[in-house]
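Line order of the protein sequences matches chains A and B.
Anchor point for the first sequence: position 49 equals 49 in my numbering, and the numbering is continuous, going up by one each time.
Anchor point for the second sequence: position 46 equals 46 in my numbering, and the numbering is continuous, going up by one each time.
Misleading hints may appear alongside valid ones.
List of simulated lysine-lysine pairs, PhoX-like, C-alpha gap at most 25 Å [said to hold, decoys possible]: (1) B/K38 x A/K176; (2) A/K151 x B/K38; (3) B/K56 x A/K124; (4) B/K56 x A/K117.
Everything labelled a hint here was simulated from the structure, so no lab data went into it.
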Amino acid sequence: MSMFGRMNTIIQAKMNKVLDKAENPNETLDYSYEKQLQLLQNVKRGLADLVTSKRRLQLQHDKIQQDMEKLDSQAQQALSANREDLARIALQRKVGIQSQLQNLDTQIVQLGAQQEKLTDAEQKLQTKIETFRTQKEAIKATYTASVAQVKISEAATGISEEMADVGLAVQRAQDKTEQMQARAGAMDELVASGALTDSLGGGGDDIDRQLAQLSSGGDVDAQLAAMKAQLGTTPQKQLEAGK
Amino acid sequence: MIVRISGLGQYELDDSSRQRLEELDHGLTSALHANQEKEFHEHLRAIIDFVQKQGKELRHDRLVPSDVIVPPEDVTLEEAHRLLTDESLMHPLPA
């Protein structure tokens, strides 16, 4: 099936078959309107969930950032105490979680964009439901039953499609946040169990791990050198300042 | 004809656009089946540009069904595969 055709099928399947349910057009209208209001509540709930997920990721982001700062100062301390081996371990951990921080950054930005889109969609939907309410009263007052049926059919199908499309957007957003949460949860466990240094090589065998350490070693070496330089020059400067 | 870009809204296009849209749909679907990520997104971008340039956005207070529904602009290739195959997407909205 073509992509457009499939989109149509999905949206059609999501549309509530309001029209079959009532024989009296006026009843159909009221029933449909009530259903729309219920669905709008669902959309609002979906949006609220999205905001909660984003906040959770943000908290995790802050936590990792704090961990990184802590590891950094631990490395400094270790180096001051002439324990380069410890400093190296701390910096290796820091480099390990740094990429996770970047991942989280990306995810938070993505969720933010999704939130913006859904908010727009929700507002549009609200306008459409209000239009439907006005039209329904006009149809009830003005048309004979047979003409009304045609008018209702178009309006009800139009708004059902809108609801179905927003529903799909909410579903996509939920799927995405679930995936992110799963990844973030796994990350939490890793940090908590201290397994992060071991996972630098992606959990592979010893050679994998050593290779990974070599590649992140460049970064660690650079940071170590910078710290050493700072430690080395600070007393010198103080001496010069004291002259 | 009325075209919906999923997640964005509805546009009214001249009926003569139908043929061009069918060609674009064909290209999009082929890229998806061939797993060509770059081509897939190029086609999707082209479709959305075409609809937005040729069409006029429908006023939000108009209630009409669409003739064509275009996938959302941020859909990934993996997600598009799911859209094509996953039957759980076929559930009606909970009321």
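Hint by hint, here is what the structure shows:
no.: 1; hint: B/K38 x A/K176; in the structure: 21 Å, holds
no.: 2; hint: A/K151 x B/K38; in the structure: 43 Å, violated
no.: 3; hint: B/K56 x A/K124; in the structure: 16 Å, holds
no.: 4; hint: B/K56 x A/K117; in the structure: 20 Å, holds
Hint 2 alone, counting from the list given before, is not met by this structure.
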